[in-house]
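**Q** As they're listed, the protein sequences go chains E and Y.
Residue 8 in the numbering used here sits at position 6 of the first sequence, with consecutive numbering throughout.
Residue 266 in the numbering used here sits at position 264 of the second sequence, with consecutive numbering throughout.
Wrong hints could be hidden among the right ones.
Since the list gives no way to pick out one identical chain from another, each pair is judged satisfied if it fits inside one copy or across any two copies.
Listed below are the simulated EDC-like cross-link pairs for lysine to aspartate or glutamate, each with C-alpha atoms no more than 20 Å apart in a straight line [claimed, not checked]:
1. Lys-307 <-> Asp-188
2. Lys-344 <-> Asp-166
3. Lys-317 <-> Asp-109
4. Lys-317 <-> Asp-92
5. Lys-17 <-> Asp-78
6. Lys-307 <-> Asp-189
7. Lys-344 <-> Glu-219
8. Lys-344 <-> Asp-212
9. Lys-53 <-> Glu-243
10. Lys-118 <-> Asp-64
11. Lys-250 <-> Asp-328
12. Lys-17 <-> Glu-341
13. Lys-14 <-> Asp-304
14. Lys-307 <-> Glu-222
15. Lys-307 <-> Asp-114
16. Lys-344 <-> Asp-64
17. Lys-307 <-> Asp-109
18. Lys-250 <-> Glu-341
19. Lys-17 <-> Asp-71
20. Lys-317 <-> Asp-304
21. Lys-17 <-> Glu-297
Hints are computed from structural coordinates only; laboratory data are not their basis.
Every value quoted in this text rests on a predicted model; they were computed, and no experiment measured them.
There are 2 protein chains.
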Amino acid sequence: MSEPLSSSRAAKLQKPFFVGVDVGGTNIKIGLVDATGQTLAYQSIRTEQDKGAEDACGRIADVVRQLVDQAGIAADGVVRVGLATPGPQDIPSGMILRPGNLPGWWDFPIRDRLSKRLGLPVTFANDANAAAYGEYWLGAGAQFHSMVLLTLGTGVGGGIIIGDMLIEGAHSCGGECGHAIVDARDDAPADSAGIRGSLEAYANASALIDRVTEAIENGEVSSLAERRQAGERITPLVVAEEAERGDKLAHRAIMVTAHWLAIGIVTFVHTIDPDAVVLGGAMTFGGASHPLGREFVQQIRDEAKRRMLPPLRDKVQIEFASLGGDAGYIGAAGLARQEHRKSR
Amino acid sequence: MSEPLSSSRAAKLQKPFFVGVDVGGTNIKIGLVDATGQTLAYQSIRTEQDKGAEDACGRIADVVRQLVDQAGIAADGVVRVGLATPGPQDIPSGMILRPGNLPGWWDFPIRDRLSKRLGLPVTFANDANAAAYGEYWLGAGAQFHSMVLLTLGTGVGGGIIIGDMLIEGAHSCGGECGHAIVDARDDAPADSAGIRGSLEAYANASALIDRVTEAIENGEVSSLAERRQAGERITPLVVAEEAERGDKLAHRAIMVTAHWLAIGIVTFVHTIDPDAVVLGGAMTFGGASHPLGREFVQQIRDEAKRRMLPPLRDKVQIEFASLGGDAGYIGAAGLARQEHRKSR
Chain E
3 MSEPLSSSRA AKLQKPFFVG VDVGGTNIKI GLVDATGQTL AYQSIRTEQD KGAEDACGRI
63 ADVVRQLVDQ AGIAADGVVR VGLATPGPQD IPSGMILRPG NLPGWWDFPI RDRLSKRLGL
123 PVTFANDANA AAYGEYWLGA GAQFHSMVLL TLGTGVGGGI IIGDMLIEGA HSCGGECGHA
183 IVDARDDAPA DSAGIRGSLE AYANASALID RVTEAIENGE VSSLAERRQA GERITPLVVA
243 EEAERGDKLA HRAIMVTAHW LAIGIVTFVH TIDPDAVVLG GAMTFGGASH PLGREFVQQI
303 RDEAKRRMLP PLRDKVQIEF ASLGGDAGYI GAAGLARQEH RKSR
Chain Y
3 MSEPLSSSRA AKLQKPFFVG VDVGGTNIKI GLVDATGQTL AYQSIRTEQD KGAEDACGRI
63 ADVVRQLVDQ AGIAADGVVR VGLATPGPQD IPSGMILRPG NLPGWWDFPI RDRLSKRLGL
123 PVTFANDANA AAYGEYWLGA GAQFHSMVLL TLGTGVGGGI IIGDMLIEGA HSCGGECGHA
183 IVDARDDAPA DSAGIRGSLE AYANASALID RVTEAIENGE VSSLAERRQA GERITPLVVA
243 EEAERGDKLA HRAIMVTAHW LAIGIVTFVH TIDPDAVVLG GAMTFGGASH PLGREFVQQI
303 RDEAKRRMLP PLRDKVQIEF ASLGGDAGYI GAAGLARQEH RKSR
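All chains, full assembly: derive it from the sequences and hints.
**A** Quick look at the structure:
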């Protein structure tokens, strides 16, 4: 048994409590939060997707009980759980469909199975949408009425929130911004979902790597070529390192990513007209605290502004996310809180 | 004075009543509708934009009084007016900003001026958004929870409605779908708002005309070349006529328009994931009642489906609008009704 919270800390907590669960291909993040979003207790466990979804539901339920103990709150203090998983999924029926990164979990009624394990109602959401809601509730979007989040990494995910309403979509595909088309050519590269010319196909991690690899193979001089020749695997982190050290190819490849993001952002802005577009995920090159991250976002802002409708140019904010990898479980808990408040 | 409505008709009307006003560059459409959207009386007047917006407000107010008389309802039966104008505009403050087709009306506080003339509260909206709301309320979208409308003509307008909420946008630019970018090249053609590579730049009326003109000038054999040589102006209607008669160029030019619309639609579907995308406006080639219109929409459906995320392919509907040129004033009245119901 862990220590109960000190009375001074406990006094500031706002009932009721919620649990947020963010299932990824590698880890499952589980957090117990209060009604204001303050995290009381948190644990990350391995997904171990090969053991299947039922096993994971059991392990998630165990962790939730541990977190409740650890936080020293009453067992009935948690009123609802938010569960975020990768798409595709069927939100209304609580089903995981056939996500590429969870091959052993296909066609599984995860919402109801987890609910049964916990004896608690569960709110089901897409992982990128939950991250967007997390940023909207407590992060970079907390000051805004409406927001589009783009999560940049292996994939390009998205989430759209307008006036506290998450755009879940009529078929659980709302906010799949990475699959917006930015290049209509029939021979454009396809993304992980097979969508040709999509934003993801041009702005994800492998597009960056492909871009530098192609240039190296075409004989471009670059410190990346040397590291590759020394047997090193070129990752976005390696590209970022060399860009910071002044390598022209590495720098240009990152700025080309910024170009494609600007194109997509202009489309989202002309469609949704949000207060802000928020950029999260691993492919943000250090974010606001890093010169390369700041140059990256400034490049996006400059090109997006140049291409935007005049009334929007000085109004739409383009900012970095602030919750990092916690946005998903926090947002899942926030969506649980929203549903709890609606249902009362 | 016009005849009062017969008692059998009047008995079916649902109080309260609303007026919808749809201001265009050429005409202003004004309709008096009941709470179910039934039109009691209607009139279209010339915009006469050179006389200025204040003059138009006076003429609109006169027509509203005539319509109330004509319908035989009590003068206080109308509780709110909906007013739709072309963008750009500032919805919260009720201002027309600087629309290209209303040069004499720039920076005019039209909502409050019309409200003062009528002694009634006025709900202000973008014209394409009002048309979308009209289709959502009473037209092709009446069966759906969420809908994207594209209006095809000189421009490509748009409107997005999710669960009775119109996406007005944080800066009154919500649903400007025609300005989504479908071609990211720096030398892509620009649309009327100066946005390069936008859907409008590829799918509006002048893009169609430019496409056939260029082919003719490059020596392509076409009945359009003959009509042009005979001094006729090539319009979308002329292109449609020749396409129906089997002219290959005319047919191909229309199907290229369909191609670009499919690209844009896939982006909107992956972003919003609506139940349906609805196509309205003059550039719908006769719509569902015409073989060319049916081929046009089928081409859009086929290409959009081919490019869409698999879970959406057989689910998102792509349909023609059904209210024609009445969608704007009906939707404006519907938005007035929505605000009236919220404010009670």
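**Q** Each hint needs a verdict: does it hold in this structure or not?
**A** Quick rundown of the hints versus the structure:
With identical chains, the CA atoms of Lys-307 and Asp-188 are at most 20 Å apart between copies only, with a shortest distance of 14 Å across copies and 28 Å within one. For a Cα distance limit of 20 Å, the shortest separation of Lys-344 from Asp-166 qualifies both inside one copy, at 12 Å, and across copies, at 18 Å. For the identical chains of this complex, Lys-317 and Asp-109 are inter-copy neighbours only, at 19 Å across copies versus 43 Å inside a copy, given an alpha-carbon limit of 20 Å. Proximity of Lys-317 to Asp-92 under the C-alpha cut-off of 20 Å is restricted to the inter-copy arrangement: shortest distance 13 Å between copies versus 35 Å within a copy.
With identical chains, the CA atoms of Lys-17 and Asp-78 are at most 20 Å apart within one copy only, with a shortest distance of 11 Å there and 49 Å across copies. Only between protomers do Lys-307 and Asp-189 lie at most 20 Å apart by alpha-carbon distance; the minimum there is 17 Å, versus 29 Å within a single protomer. In the homo-oligomer, the alpha carbons of Lys-344 and Glu-219 never lie at most 20 Å apart, since the shortest distance is 57 Å inside one protomer and 63 Å across protomers. Neither within a single protomer nor between protomers do Lys-344 and Asp-212 lie at most 20 Å apart by alpha-carbon distance, with minima of 47 Å and 53 Å respectively.
Proximity of Lys-53 to Glu-243 under the C-alpha cut-off of 20 Å is found in neither arrangement, the shortest distances being 37 Å within a copy and 63 Å between copies. Taking the closest pair of Cα atoms, Lys-118 and Asp-64 come within 20 Å of each other only inside a single copy of the chain (13 Å); across copies the shortest separation is 65 Å, beyond that limit. For the identical chains of this complex, Lys-250 and Asp-328 are neighbours neither inside a copy (34 Å) nor across copies (57 Å), given an alpha-carbon limit of 20 Å. In this assembly of identical chains, the alpha carbons of Lys-17 and Glu-341 lie at most 20 Å apart only when taken from the same copy (15 Å versus 35 Å across copies).
In this assembly of identical chains, the alpha carbons of Lys-14 and Asp-304 never lie at most 20 Å apart, being 43 Å within a copy and 57 Å across copies at closest. For a Cα distance limit of 20 Å, the shortest separation of Lys-307 from Glu-222 qualifies neither inside one copy, at 31 Å, nor across copies, at 40 Å. With identical chains, the CA atoms of Lys-307 and Asp-114 are never at most 20 Å apart, being 45 Å at best within one copy and 32 Å at best between copies. With identical chains, the CA atoms of Lys-344 and Asp-64 are never at most 20 Å apart, being 28 Å at best within one copy and 45 Å at best between copies.
When the C-alpha separation of Lys-307 and Asp-109 is checked against a cutoff of 20 Å, the pair qualifies neither within a copy, at 43 Å, nor between copies, at 23 Å. Taking the shortest Cα distances, Lys-250 and Glu-341 never come within 20 Å of each other, neither inside one copy (50 Å) nor across copies (56 Å). Taking the shortest alpha-carbon separations for Lys-17 and Asp-71, only the intra-copy value of 16 Å comes in at or below 20 Å, while the best inter-copy value is 58 Å. Within a single copy, Lys-317 and Asp-304 get their C-alpha atoms as close as 13 Å, which meets the 20 Å cut-off; across copies the closest is 38 Å, which misses it.
In this assembly of identical chains, Lys-17 and Glu-297 lie within 20 Å of each other by CA distance neither inside one copy nor across copies; the values are 42 Å within and 59 Å between.
When each numbered hint is compared with the structure, violations occur for hints 7, 8, 9, 11, 13, 14, 15, 16, 17, 18 and 21.
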